[in-house]
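Student: Sequence:
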Amino acid sequence: MTATAPDLSTAAIGTAGSRGPGPGRAGRRSRRAAPYLLSLAGGAWLLVLFVIPLVSGLIVSLMSGNPEKGYSLTWNWSVYSNLFVDPAVPYLTFFVRSLIYGVRRRSSRSCSATRWRTSWPSASRPGGATHCSSSCCSAFSCRS
634 MTATAPDLST AAIGTAGSRG PGPGRAGRRS RRAAPYLLSL AGGAWLLVLF VIPLVSGLIV
694 SLMSGNPEKG YSLTWNWSVY SNLFVDPAVP YLTFFVRSLI YGVRRRSSRS CSATRWRTSW
754 PSASRPGGAT HCSSSCCSAF SCRS
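Heads up: the sequence shown runs through residues 634 to 777, numbered per the working numbering.
Bear in mind the hints are in silico, worked out from the structure with no lab data behind them.
We put the CB at the ideal spot given by N, CA and C, even for glycine.
Among the hints, erroneous ones may be present.
[Stated by the list, open to error] Pair by pair, the computed Cβ-Cβ distance ranges are:
no.: 1; residue 1: L732; residue 2: I685; range: 24 to 34 Å
no.: 2; residue 1: N709; residue 2: L679; range: 22 to 32 Å
no.: 3; residue 1: N699; residue 2: Y669; range: 45 to 55 Å
Please work from the sequences and hints to get the whole structure.
Tutor: Here it is in structure tokens:
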């Protein structure tokens, strides 16, 4: 008589109706919750480093007073309306000028990226030219 080997394929798993080894429902819940837990951490940093300083700066800007008598929150919103119309300090000029500089800088970045893309294939050939051949260079002079 020969002895037959026991079937070990189901012995490690358990009975035929069980789910077998693996993470189960608890593991799946933790995998689903991981992005939310990470976004909670990011939200906490956003609150601490952005929202709280922003609100405290807004509150301080709405205060009136002087160092000798102290400051009190008067909700003085006229500070912001006077910001752009006061002739003594031309904040509107500064604001518009910074927008213009930002637009110019943005266009020169896209131009340099286009210049690289158009000059790269010709530069790989022996004796190939490495000049800017895109239309943006003529309009914005490709300085970075």
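Student: Decide, hint by hint, whether the structure agrees.
Tutor: Results for each hint:
Checking the proposed 24 to 34 Å range against L732 and I685 shows it holds: the Cβ atoms sit about 28 Å from each other. A beta carbon spacing of about 28 Å between N709 and L679 agrees with the range 22 to 32 Å that was offered as a hint. At roughly 48 Å, the beta carbons of N699 and Y669 sit within the given window of 45 to 55 Å.
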